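I would like the entire structure built from these sequences, with the hints used as guidance.
Respectively, the protein sequence lines represent chains A and B. Heads up: the first sequence is residues 3 to 445, going by my numbering. Heads up: the second sequence is residues 3 to 445, going by my numbering.
Hints are not guaranteed to be accurate.
The list makes no distinction among identical chains, and a pair is therefore deemed to hold if it is satisfied within one copy or across any two copies.
Subject to a maximum C-alpha distance of 20 Å in a straight line, what follows is the list of computed EDC-like cross-link-like pairs (lysine to aspartate or glutamate) [stated by the list, open to error]: (1) K35 to E144; (2) K236 to E61; (3) K140 to E105; (4) K128 to E388; (5) K241 to E252; (6) K125 to D385; (7) K366 to E418; (8) K53 to E70.
Treat the hints as calculated values from the structure; they're not laboratory data. All values reported here derive from a predicted model rather than from experimental measurement.
There are 2 protein chains.
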Amino acid sequence: MLFSKSFIPILKNNPSEAVIKSHQLMLRVGMIKQSSAGIYSWLPLGFKIMKKIEQIVREEQNRIGVQEILMPTIQSSEIWKESGRYEDYGEEMLRIKDRQSREMLYGPTNEELITDIFRSSIKSYKSLPQLLYHIQWKFRDELRPRFGIMRCREFFMKDAYSFDLSDDDAKFSYNKFFLSYLRTFKRLKLSAIPMAADTGPIGGNLSHEFIILAETGESKIYTDKRIFEVNSEKTELNKKSLINLREKYEKYYAVTDEKFNKNDFETNVPEEFRLSTKGIEVGHIFYFGDKYSKPMNASVDYKGKKEFVKMGSYGVGVSRLVGAIIEAKYDDKNEIMNWPISISPYECAIIPLINKNDNSNLEKALNIYKYLNEMNIDTIIDDTEENFSSKIKKFNLIGIPFQIKIGKKSEGNLYEFSEIGEETKNLSVEDIVKIIINKKKIN
Amino acid sequence: MLFSKSFIPILKNNPSEAVIKSHQLMLRVGMIKQSSAGIYSWLPLGFKIMKKIEQIVREEQNRIGVQEILMPTIQSSEIWKESGRYEDYGEEMLRIKDRQSREMLYGPTNEELITDIFRSSIKSYKSLPQLLYHIQWKFRDELRPRFGIMRCREFFMKDAYSFDLSDDDAKFSYNKFFLSYLRTFKRLKLSAIPMAADTGPIGGNLSHEFIILAETGESKIYTDKRIFEVNSEKTELNKKSLINLREKYEKYYAVTDEKFNKNDFETNVPEEFRLSTKGIEVGHIFYFGDKYSKPMNASVDYKGKKEFVKMGSYGVGVSRLVGAIIEAKYDDKNEIMNWPISISPYECAIIPLINKNDNSNLEKALNIYKYLNEMNIDTIIDDTEENFSSKIKKFNLIGIPFQIKIGKKSEGNLYEFSEIGEETKNLSVEDIVKIIINKKKIN
Chain A
3 MLFSKSFIPI
13 LKNNPSEAVI
23 KSHQLMLRVG
33 MIKQSSAGIY
43 SWLPLGFKIM
53 KKIEQIVREE
63 QNRIGVQEIL
73 MPTIQSSEIW
83 KESGRYEDYG
93 EEMLRIKDRQ
103 SREMLYGPTN
113 EELITDIFRS
123 SIKSYKSLPQ
133 LLYHIQWKFR
143 DELRPRFGIM
153 RCREFFMKDA
163 YSFDLSDDDA
173 KFSYNKFFLS
183 YLRTFKRLKL
193 SAIPMAADTG
203 PIGGNLSHEF
213 IILAETGESK
223 IYTDKRIFEV
233 NSEKTELNKK
243 SLINLREKYE
253 KYYAVTDEKF
263 NKNDFETNVP
273 EEFRLSTKGI
283 EVGHIFYFGD
293 KYSKPMNASV
303 DYKGKKEFVK
313 MGSYGVGVSR
323 LVGAIIEAKY
333 DDKNEIMNWP
343 ISISPYECAI
353 IPLINKNDNS
363 NLEKALNIYK
373 YLNEMNIDTI
383 IDDTEENFSS
393 KIKKFNLIGI
403 PFQIKIGKKS
413 EGNLYEFSEI
423 GEETKNLSVE
433 DIVKIIINKK
443 KIN
Chain B
3 MLFSKSFIPI
13 LKNNPSEAVI
23 KSHQLMLRVG
33 MIKQSSAGIY
43 SWLPLGFKIM
53 KKIEQIVREE
63 QNRIGVQEIL
73 MPTIQSSEIW
83 KESGRYEDYG
93 EEMLRIKDRQ
103 SREMLYGPTN
113 EELITDIFRS
123 SIKSYKSLPQ
133 LLYHIQWKFR
143 DELRPRFGIM
153 RCREFFMKDA
163 YSFDLSDDDA
173 KFSYNKFFLS
183 YLRTFKRLKL
193 SAIPMAADTG
203 PIGGNLSHEF
213 IILAETGESK
223 IYTDKRIFEV
233 NSEKTELNKK
243 SLINLREKYE
253 KYYAVTDEKF
263 NKNDFETNVP
273 EEFRLSTKGI
283 EVGHIFYFGD
293 KYSKPMNASV
303 DYKGKKEFVK
313 MGSYGVGVSR
323 LVGAIIEAKY
333 DDKNEIMNWP
343 ISISPYECAI
353 IPLINKNDNS
363 NLEKALNIYK
373 YLNEMNIDTI
383 IDDTEENFSS
393 KIKKFNLIGI
403 PFQIKIGKKS
413 EGNLYEFSEI
423 GEETKNLSVE
433 DIVKIIINKK
443 KIN
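Right, here's the structure in full:
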């Protein structure tokens, strides 16, 4: 991509309306544009990142055998009346009347709709378990939308649902998602910790929030620091191995605010390991048995008996993750972002110093650009006449993990190359390609 | 995928509520499920097909240099008041009041929103042209939703927008999309003809609908049959070549109902070439100059002068295409669907005859299944105990283009193999793989 042809509207300064760093950065480098309160458009840079995150989330769902479907954004109020949540949900639900005055709503979550799909499709216990997910826009009419896409109204979310015959099977499904989420966040280079959490309007009695530490987080958390060392790498997708993983985590105290008990915390966590801080929720899983299946009559035939299926639900905030990763990785003191290469909008940026009436650096740059693209390295080149130091500053903000600078220090066939924010080295194009390809492989 | 684990709820008979074949087939093989009037959930089979179509549409947009973004579904009424369309649009617009009583709406189209994004981002003519697209859910509150996803309320659409300095440049952009659409529909194995069309509520004076012939179509069309022979293969992405392509099409009379003039038709088309029939609109492109840029003040600085940008918009109905392809390809007399392999939910189906107490065919089938997957052939295997002929009937409806039957006629290492609906041959697995891989390559 040529920067001059791209749609990346950069702001000179931090926008005054943004108070947290993800919101500042996303507006500043033109990743998003607000269209109305709590509602955003995703411009090419932000869009590419979100799509790559979506794809990682998708792959990790498929890997544990969840099947992808797609439910609509607009739902009928009927099914919410069946479950009893239509009145309960409150003003965060965007209620709509269509031209025939039918009561509709913009789905804030999909337990009712998926239960309706299940009950009309599956009749026998032999078809269980069923694990289904979709990745779709949702709407919660926040009273005070803020922090950009972190607490917005229209947001992009992966939500999955499990259907099982017994409590025991259902917990196996729950634990599959538990592992899947650890894998997902690890691939995004986030250290996300599962914490016992309240179930809120979803219901049930077993729930974990997956939380990454961040000063700007809205969740208060209390944990034993040793939980950061628990490793899920060798866990396999069977009941025993997954129970073992859950137990490894549950050895350590880790709860959100609503579950906090000072006495428990101090009894269970030696003082040197106590950590009370803030975090950002990036995933949330729930087990709620027959909370929806019973009122909505979603049952299977099991040896001549009608059994209400046992359900869980599992959410990852896909659009929110874009902001969460910025909160975790953006060095706002030095104004340097560094995207993990697997989700970066481009893999390498070429930044030539271009003087009026002297195109030699631009020509060099275009040659390298062509070569990198042939090597399947997705590259952007700044072909504008902006001055060299502002270009570098701009690309430090954009956060593409590798930079090739073509300025006065380039010698012959060697170019100034660096990982973003690191020392530059003079290297040949061939060596540069090797380094980038190697980084892609291990990520 | 094992059929027994899949979420493919098959109906025994055609559902009585469906009157056209795409609606019948999609409900019958569990591609979709209606959630309320004109609103559908996409189950795994339908979802996979729609995603593959989406990806082809995306690739052909990227190929002509359009950049992908994503606008939200919910828009503020403010921008529609600026353009003057808020009152005009009528009851098909789903109007919403949020908890603060602000007037919002579910976007039926995005000319206003993209113009708002453009005007706040681009200031100089040097950044032109800008071509942007997104693929997003839209809502039109049809009075009588019908024909399944062909005339529904919530639908998935690719819409693109172009911004240029001059009329001449803008027509170049228009013609790029003209070519891109021909390429897109060709990849989907559809013979879609561009027809001069009315501009309706989008506005402007130049417009083409891309229409495929189908008895169940809602568009009445009048054309010269020779237009089906026009070829776009050698067209290049430059002004001259594109104008040449447009001229090749415009030699032949081809209009939709609203543009029809009996006298013109009969004067311009020799009787033997006259065709008046019905079709399905799968794409629509518009050129409307400064219709939106002027009232919304979207201009660039051109040599010290303020110029309102010249705009066009370009839509492809992604969800509708699923139905349109069924209308074009489904043989409802023989109950055989045949998906083009590039968008088929699976590439091969293995159908073993399974008797109670005899697993030998299933074991053979599982071995072939494993081998095909290793060869990157996406395969589904019917491991259920349903009887052999119903299985075959079911897979004829599902429409996966290749079938391997493992019944009484299989001999040694040779299996009954066929393209769907064609004669079966006894072939080795290696030969089967060759045929499928070859078919994938040329598609």
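Hint check:
1. K35 to E144: within (19 Å within a copy, 30 Å between copies)
2. K236 to E61: Within. Shortest intra-copy distance 19 Å satisfies the 20 Å Cα cut-off; inter-copy 38 Å does not.
3. K140 to E105: Both ways: K140 and E105 sit 17 Å apart in one copy and 19 Å across, limit 20 Å.
4. K128 to E388: between (65 Å within a copy, 14 Å between copies)
5. K241 to E252: within (16 Å within a copy, 66 Å between copies)
6. K125 to D385: between (61 Å within a copy, 18 Å between copies)
7. K366 to E418: within (13 Å within a copy, 59 Å between copies)
8. K53 to E70: Both, since 16 Å and 11 Å are each at most 20 Å.
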